[in-house]
Every structure is written in C-alpha cells, then in structure tokens.
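Novice: In case you want the letters, here they are:
Number of protein chains: 2
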Amino acid sequence: MYPAPDTTHDTQLRSWVASANQQGCDFPIQNLPFGRFRVAGSGQTLRIGVAIGDQILDLQAAGLIDSDDMNTLMAAPAAERQALRRNLSQGLSEGSAQQAAWSKALVTQAQAEMALPCRIGDYTDFYTSVHHATNVGRQFRPDNPLLPNYKWVPIGYHGRASSIGVSGQRVKRPQGQTMAAGASTPVLGPCKRLDYEMELGWFIGQGNDLGEPIAIGAAEQHLFGVALFNDWSARDIQGWEYQPLGPFLSKNFASTLSPWIVTMEALAPFRAPFVRDENDPQPLPYLDTPEHRAQGAFTITLEVLLQTSRMRAAAEPAVRLSCTNTTRAAYWTPAQLVTHHTVNGCNLQPGDLLGSGTLSGPEPHEAGSLLELAGSGKHPITLPNGEQRSFLEDGDTLTLRGWCERAGAVRIGLGEVSGTVIG
Amino acid sequence: MYPAPDTTHDTQLRSWVASANQQGCDFPIQNLPFGRFRVAGSGQTLRIGVAIGDQILDLQAAGLIDSDDMNTLMAAPAAERQALRRNLSQGLSEGSAQQAAWSKALVTQAQAEMALPCRIGDYTDFYTSVHHATNVGRQFRPDNPLLPNYKWVPIGYHGRASSIGVSGQRVKRPQGQTMAAGASTPVLGPCKRLDYEMELGWFIGQGNDLGEPIAIGAAEQHLFGVALFNDWSARDIQGWEYQPLGPFLSKNFASTLSPWIVTMEALAPFRAPFVRDENDPQPLPYLDTPEHRAQGAFTITLEVLLQTSRMRAAAEPAVRLSCTNTTRAAYWTPAQLVTHHTVNGCNLQPGDLLGSGTLSGPEPHEAGSLLELAGSGKHPITLPNGEQRSFLEDGDTLTLRGWCERAGAVRIGLGEVSGTVIG
Numbered sequence: 001m002y003p004a005p006d007t008t009h010d011t012q013l014r015s016w017v018a019s020a021n022q023q024g025c026d027f028p029i030q031n032l033p034f035g036r037f038r039v040a041g042s043g044q045t046l047r048i049g050v051a052i053g054d055q056i057l058d059l060q061a062a063g064l065i066d067s068d069d070m071n072t073l074m075a076a077p078a079a080e081r082q083a084l085r086r087n088l089s090q091g092l093s094e095g096s097a098q099q100a101a102w103s104k105a106l107v108t109q110a111q112a113e114m115a116l117p118c119r120i121g122d123y124t125d126f127y128t129s130v131h132h133a134t135n136v137g138r139q140f141r142p143d144n145p146l147l148p149n150y151k152w153v154p155i156g157y158h159g160r161a162s163s164i165g166v167s168g169q170r171v172k173r174p175q176g177q178t179m180a181a182g183a184s185t186p187v188l189g190p191c192k193r194l195d196y197e198m199e200l201g202w203f204i205g206q207g208n209d210l211g212e213p214i215a216i217g218a219a220e221q222h223l224f225g226v227a228l229f230n231d232w233s234a235r236d237i238q239g240w241e242y243q244p245l246g247p248f249l250s251k252n253f254a255s256t257l258s259p260w261i262v263t264m265e266a267l268a269p270f271r272a273p274f275v276r277d278e279n280d281p282q283p284l285p286y287l288d289t290p291e292h293r294a295q296g297a298f299t300i301t302l303e304v305l306l307q308t309s310r311m312r313a314a315a316e317p318a319v320r321l322s323c324t325n326t327t328r329a330a331y332w333t334p335a336q337l338v339t340h341h342t343v344n345g346c347n348l349q350p351g352d353l354l355g356s357g358t359l360s361g362p363e364p365h366e367a368g369s370l371l372e373l374a375g376s377g378k379h380p381i382t383l384p385n386g387e388q389r390s391f392l393e394d395g396d397t398l399t400l401r402g403w404c405e406r407a408g409a410v411r412i413g414l415g416e417v418s419g420t421v422i423g
Numbered sequence: 001m002y003p004a005p006d007t008t009h010d011t012q013l014r015s016w017v018a019s020a021n022q023q024g025c026d027f028p029i030q031n032l033p034f035g036r037f038r039v040a041g042s043g044q045t046l047r048i049g050v051a052i053g054d055q056i057l058d059l060q061a062a063g064l065i066d067s068d069d070m071n072t073l074m075a076a077p078a079a080e081r082q083a084l085r086r087n088l089s090q091g092l093s094e095g096s097a098q099q100a101a102w103s104k105a106l107v108t109q110a111q112a113e114m115a116l117p118c119r120i121g122d123y124t125d126f127y128t129s130v131h132h133a134t135n136v137g138r139q140f141r142p143d144n145p146l147l148p149n150y151k152w153v154p155i156g157y158h159g160r161a162s163s164i165g166v167s168g169q170r171v172k173r174p175q176g177q178t179m180a181a182g183a184s185t186p187v188l189g190p191c192k193r194l195d196y197e198m199e200l201g202w203f204i205g206q207g208n209d210l211g212e213p214i215a216i217g218a219a220e221q222h223l224f225g226v227a228l229f230n231d232w233s234a235r236d237i238q239g240w241e242y243q244p245l246g247p248f249l250s251k252n253f254a255s256t257l258s259p260w261i262v263t264m265e266a267l268a269p270f271r272a273p274f275v276r277d278e279n280d281p282q283p284l285p286y287l288d289t290p291e292h293r294a295q296g297a298f299t300i301t302l303e304v305l306l307q308t309s310r311m312r313a314a315a316e317p318a319v320r321l322s323c324t325n326t327t328r329a330a331y332w333t334p335a336q337l338v339t340h341h342t343v344n345g346c347n348l349q350p351g352d353l354l355g356s357g358t359l360s361g362p363e364p365h366e367a368g369s370l371l372e373l374a375g376s377g378k379h380p381i382t383l384p385n386g387e388q389r390s391f392l393e394d395g396d397t398l399t400l401r402g403w404c405e406r407a408g409a410v411r412i413g414l415g416e417v418s419g420t421v422i423g
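The listed protein sequences correspond, in order, to chains A and B. If you're matching positions, the first sequence starts at 1 in the UniProt record's numbering and goes up one per residue. If you're matching positions, the second sequence starts at 1 in the UniProt record's numbering and goes up one per residue.
Because identical chains share one entry, a pair is satisfied inside a single copy or across any pair of copies.
With a straight-line cut-off of 30 Å between C-alpha atoms, the simulated DSS-like cross-links for lysine-lysine are:
{"no.": "1", "residue 1": "Lys151", "residue 2": "Lys192"}
{"no.": "2", "residue 1": "Lys172", "residue 2": "Lys378"}
{"no.": "3", "residue 1": "Lys151", "residue 2": "Lys172"}
Just so you know, the hints here were simulated from the structure itself, not pulled from any lab data.
Could you build all of it, start to finish, from the sequences and the hints given here?
Specialist: This is the structure in structure tokens:
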C-alpha cells in the first residue's frame, strides 16, 4: 500500500521559521526536502540540510543524524526516513520545544553554497513522454514517428554521472563532430544546435541486490525523492553520432540538477491515477497492479524560463518558454521505471539517478525542449525583446522550476535549477 | 613522445620469485599488474597488490604505498607510477636487497580472493571493431551493414557500472521483454539468446576537468592500463529495446572484469602502428598525429574458451571458440577513445572504464561473440563432445584470456576472466 498523507501534510501546520509560512513558498513545513550545503566560502566539508522557508536546518547540528553522508541517509529503510520526517515536522512546528536548540542549527539559504545532493553512482535517462518521443521521431520518420516498442517498453539508456553539476553550473558549449546535410566529410567544431531538456530526476534510496528484480508493488520503497534536471543536448552532434548505440557526446558534456530532493513522503498528497488510454496497449503485468493504476502517478508541474544576456543587461526578467505537468506528459510512472530497470536483475544503489526524459505535454506550447518549440530550427521563437531563438546562444540562462499543488493540500516546490551557456 | 621500453622490460631480468621466471607465465617481472585482494575468507579490507608469478606482493606491507585506495594510486601522474614500477622491478629482481623484507609481504594467489581492481565511477563501452560492427549490422541491413558515421566517429555509449563484477562472477540469466517475429504483443521471460562479448577494458588514470578536452598527444598519460572484459549480452532483449536510444537492459545485468590491470608501462614493448587503409576515410585531425600513426596502437591477443556443465562433469577441458588480436580487430586505438570521449569537454575520472567493444577480427573464426560465430542462431557451433551452441546455456563457463608477445620481448599476460551462467 502507498502511504497516505499524514499529520506532516496537515494544511494547518505552521513553522516557527516564519518565511516557511509565506504564501507560495517552495519550502513550507509540509515539504522538508534534503540537500547538501556549506556556508559559502567556508571550505567546510558538506553538511546535510533540510530546506525550511528561506533557511536550512543543519541536521547534524540539530542532533538528528550522526553521519554527514547523504547516501547513507538515502539507503535507510523507508520507515526510518519517515520517522526522521515526523521528527523534523514536529521540531519545526510552531510551539515546538526544539525551537531554541534548532534555531542555532539554521543557516540562511542566501549564505549557503549548495552541492549536488548526493554522490551519483549510476545515472539512467528514460524517455517517458510519448509526446516528446513522437515530436522527435517525426523529424526522422514523418509517417511513422513512434517506434513499435515505445508503448510497451519504458525506453531508457545510461548517461554520464561525472558531468552532472548543481544549479548555477556554467555550461561550456561543446565541440563535436557534425555532418552537414549533403556533405561527404564531417567537421569538428562548436555545437550549433545547443538545447536543454526539461526533466525530473528521481533518486534511488534503498538499493537492490544484483539479480533481484524489484516488483512494482515495492518500487516506491526504493525511491528517495525527486529533483529538477536539465539534460543539456547538442542536437547536431546527436544527429551524427547516435546510431546505432544512442546519444553519447551530445549529452555527456553537462547535466544540471536542482539542489533539493523533495522526498516521496512529501509527494504523498499529489498522487494521481496511472491512466492508459483504452486504445493503447496496456502495460505488461510486471508493470501493472490495481493499486498502481489507482495512485501510481504524481502530478508535478514544470516550467522553463529563459533569460538572454541582452535581457540580463537590460534587467528584464526571464520569460517562460513552456509549462506542463507530469500527468499530461509522462507515459510511465517512477515506480514503473524502477521495476523495468531491475526486471533483468540490474542492481540500483542509493543515490542513483533516474532521469524522466524530456517532459513534453500534448500541446505544442507544452514542449520541454527548444528542438520541439522551434520546430528543429524551422520556426524560431521570438522573445518579448525581439530576439529570436532556434537553439541556445552563449550567455543564455535557462531555468527550470517545479511545484505540486491541488485543492486541500499545501503547495510544495522543487525550487529551481539554472545554468548558463558560455562560449 | 611515447615512453620507450626501458630496463624494466629487459629480457634478461629474472625475479627471486621463482614462479615468475617460468616460460609462459602471465606475470613475469616485466609485467607487474595491479589488483585488489584479501586473503580468502579473512574479511580483511582490500589490499593493493602486484602479481608476480603465482604470488601477490602486498604493496602496503612492502612499504611501497601509504594508502590502500587504488583510485588514488591511479590518479597519480604518470611519472610517479613509472617510479613505482622501477622500484618494483628492482626490488623483485634476483639479487635485490629487498628480498628478505618483501618475501614477508607475499601472498600466494591461490590463497587470495580478488576484487574489482578499483572503484569504477563511469563506464563507457565503445564499438572499435569494424568487423563486429559490420557482422552485427549485416543482420539488420544486409545491403548496407555499416552505418555512414562508423569510419569517422569512434562510436561509444554509456554502460552500467554497478553490475560490473570480477572474474568468477555467476551470471543469472536475465528476464526481459522480447517480441517474437510476427507477434503483436511482447512477452516477459528469461533471455533465450544469451551471449558474451570478448572485450578489453581500458582504465583511466589521471582525470581531466569538465570542459577540458584531452588532446591525442596527451591521451595515454590519462590511461592507467588494461584488463579483460566480458560484456554479457541478451540479444533477444537487445533487439526489441535498443531503438532509438541504444542497448540498456540487454547489457546492464552483468559485465565481468579480470582482476589484474596491466599498466600502460608494461605494454610499451607491444606498441604497433595505427594503420588506416588508404581507401578508408582518414581520421579527423583531432584523432591523428604522425606520432600516433607510428605507434599509437598495441597488439594484444585475445581468446575465448567455453566449458559446458557436461564438459565439466566429464572433466573435459574448455574449448577455444575464437582468437584474434587488437591489431586485426580494432579500428580505433585507446588514445583515440580517450580523445574522442573528451573532445566535448566530458570529464573522465580515475578508475573510469572504457570498454573496447567486441573485438572481432576479419575472419569468421575470429569473431568475439556467439551471435557472430553461430550466425545469429542459424549455424550452431558443434563442440568436441557433440553438444551444440547457438547461444549460452545454463552452466556454461566462459573464459577470456589475453596476452602480448613478440620477438625480442618477454611475453606478458592479462590473466583471465571467467563467468558462469546460472538459471
């Protein structure tokens, strides 16, 4: 059974950290996401913290954990994590006896330097938006955009862990081989079709042993939580290199994560049914249970914002490029990704990252990449200041934001992930 | 300049470890490969050792290193590694003053339990045999087996690090989705086309920073050495899942490494020219220098042996399935793999693994997989005891062996990597 929302989700709950109670705050007391930080410029070893309003509670300083190793914390059984959440919720609530002690363990977010939330051993990227798969496939196979395996197999592939950075990353435009249309010789040069991909990154908590698949009913017990993820992509390099073994240098020059992992517990109020259109193939039994049908999905809204260097110079705010949510965009749920990934016995480890793949919704303006929004360069986007974009240019800052909201629950945010392209 | 063979390669050099001087020994004093071990059953933390004859020299016990962390040792500049090699060579030579002290730091290989030689952060698999790429491509595209990018791009993709094990691994036959020819619905079930791939695994020593490509002339300074690598493959799962993002569950259930890393220094006498047929495209300049043309390749011979459970029960030895060498099989050199991998700025880290891809030579009997040897199941192999194999069956033990030999140099071996399929 999926854990139901509990007292930690109570809409009446308020924190003695005043900023957490403000309308629209990403990190109210109902959220409590985990991250790693140090006081900026201190050179401290990384600490584990929980975001509350505009503050961070240092968990070791508050006496809540012994080790400052996030992967160890992630590896704990779900019941232990849930107990820690209840402690955090109680201790941060208005009127809590911990207020005096814990206020000394607070660090202002503005003074903190965030790191990747954990050590990522292996990173897998999936392809969970059928709309993205169709949009991209249409460019290669106009009459048959979606391959026959798509609606049966949660398609995924391995990515590069070493080049994943945290929000604020400066992304150097990659060099690579490209083959121009009609040319007979490829050339090496800077990528001309640099793109972003609007994704979620799901983190593994407890792992599984090699050879031991995780059944769909147990899959969520192996998930720790979710962050925002920008999978930067070099489309021209990708087009030339990707057959037959998939994308490689077009992806592994950089990917950027938001610093806070919103836990599976925090997401409980935002569950949604897993719906499969009756005209589509129904999932094979290993990816399907009645309980998963009833509430195996989550509704998370995502948006992409762009600020060019000209906009920055003119102090103009970033503009929204697109917005969608996972219920509209995702063909497979996080539980299905975990179960499919391990059906062959593959072992997942605490801290491993499962990218959702680009989350494009069904309508054109819900697309999660410039490749889709600007029709592969054929229909450039015009920005409010008159600039045009087919792909990203040097100086562009790309930001993803995400949040969950519904009537009867307190809105929680995933924060944001930003990155700037440099030449 | 590539370092030339030096006194550590002297053919007259003999060790006071008598077994190292035996004809045909994989680990003569000219080799000195690195691995991690513990005395079997001792539960010790892993030690770093160097293989010499049938013994292991415990480097910390011999006072040669401070830390038992192999990745730290691998990260050292090439000059430091070379100095350690000279120390080892001198101390293990007949008549050395170290003999009395170092004999106390020896452990018999038969009493040791070997582990993976290092922590593998990221694992990339390449596709360096044009013959393998052609053989496999022919099954999908009989008229156009080799894709247009192959002769320009050292094709590679990311693999799974968590499921890499050391020689002796028992490999559970994976479950997975497959789609039978003519069927309209896939099924989940045990893999029916389980295969091996005969590869080399090149290990990264010193890493590079994100955004900083490694030029071809510097590439080998970032390589630590080489081991044998079996990239087990589920061909039926692969056929159904691999488009458009590449192989995933068909590969990540297990891969197996040999325990000893033969260093770049040990390989010095076995350099070979990098040859590109004049009818083929010549490498782009970033993958090509005169020095690399002259001696950027290595000649390493590889063979595959199979012992079925019936052969084991009858005490019949393993039979050779195929044999080739890298000069015949590899279209790209290890230096080219490093340079291509980083041309976009991707950062490599000490301990990262670069698989060569299946090393098939030009003749049919030189193929590095059963898929090729048995014509995708159409031409089963008949073993000496009458058994037939199209793919691997439960109980089969697959062993790769590798070595370098040429006139005027002492033969060195890579040892072996074995794995057994279990149901």
